[in-house]
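Go by the hints and put chain B onto chain A.
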Amino acid sequence: MIKTLVSPTSTISPFNILPNQNKPVDTKYRLFPLPETNTSWDPLGYIIQKVVDTCSLLSATKEVQVLLSKIQSFSELQHNWNGYGASPISKSVISRTIPIILSSTEHKPLIYPTGRQSIQLEFYHNNNSLEIEIDETEIGLVCFNEKIFRYEKENLTEKELQQEITNFYGL
Amino acid sequence: MDFDRINDQEVLYRGVNKNNPYMWNDTENRPSSAVFKDSFGCSVDRDGEREEQIIVDKLRENLHIELRAIVHFSAVLCIHNDIEMIPNPIKSNDFHAILKRNPDTPKLSKKQAGELARNCQVISL
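Sequences listed follow chains A and B, in order.
Read in order, the letters of the first sequence correspond to residues 3 to 173 in the numbering used here.
Read in order, the letters of the second sequence correspond to residues 227 to 351 in the numbering used here.
Here chain A stands alone, though its shape is the one from the complex:
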């Protein structure tokens, strides 16, 4: 059974929502459904839900919400989802990808999981394509002009990646 913090009959203390965190949850998140007990607590689901709902509050486009929902669905992929023995996509990779999408909401990438536990974002602009791969430890990219290779970069920081996306749309 699911209760919400806003329910006057709820018996869940705000202090018990996030394990190992002894402070109350910000009241602006009180509308989110919470599990009856902490045993089924899903931190990633909670974070994604907060992001999605915050987007709504900020009037983010429906397309962004669709992208976030798609990324969230990657957490449900089972072993061998591509027929070639691919492993599931880790929640930490999903969590790492979400802020990158949210920071470039004016450009809507195509999103794919890979068989090497990473997520790929693909941006298209003026016959150029920018493919960004995000995994547990690295962010890298490759750029093509139609079928012609332009450049490839590895070990980017999130900040450097944002600059790369900005530069790409200046091509």
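It is worth saying that the hints were derived from the structure and are not from the lab.
Note that CB positions come from ideal geometry on N, CA and C, so glycine has one too.
One should not assume that every hint holds.
What the hints assert, rightly or not - No farther apart than 27 Å at their CA atoms in a straight line, the calculated lysine-lysine pairs in the DSSO-like style are these: (1) Lys244(B) <-> Lys72(A); (2) Lys161(A) <-> Lys337(B); (3) Lys110(A) <-> Lys244(B); (4) Lys244(B) <-> Lys155(A); (5) Lys317(B) <-> Lys93(A); (6) Lys326(B) <-> Lys155(A); (7) Lys317(B) <-> Lys149(A); (8) Lys337(B) <-> Lys72(A); (9) Lys72(A) <-> Lys333(B); (10) Lys244(B) <-> Lys64(A); (11) Lys161(A) <-> Lys326(B); (12) Lys333(B) <-> Lys155(A); (13) Lys149(A) <-> Lys284(B); (14) Lys284(B) <-> Lys155(A); (15) Lys110(A) <-> Lys326(B).
Stated by the list, open to error - Which stretches of chain A does chain B cover? Using the computed rule of at least three CB atoms under 8 Å from a CB of chain B, they are: (16) 73-79; (17) 105-112; (18) 116-124; (19) 137-144.
Showing chain B alone in chain A's frame:
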């Protein structure tokens, strides 16, 4: 078929998911390069001088997923992109092979995967 090496006359095949997840780029009618990104090198099937329909049927039988398409490309494309092609017959598939970035690194580079996605031929299913 030479089990020690893949020659430049050969054609290599790979299946692409239909759904869950969707791996196709509809605008360009090709697979995403993410299709070729595997942890231990990219698995493919060699043609082994078989008819295409036999190759397609065998891939569908072996992969146990619903396929959007089967894509194929020549060994020459791999050679031009410095992709290491290694015959790797397994119990259920004599025609299995692995594509690696180089002899020491199994994961294809982003450029290599991108080249395969942009230059492969598509058999729609």
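Numbered hints the structure breaks, given as an ascending list: Those not satisfied are hints 4, 5, 7, 11, 13, 14, 15 and 17.
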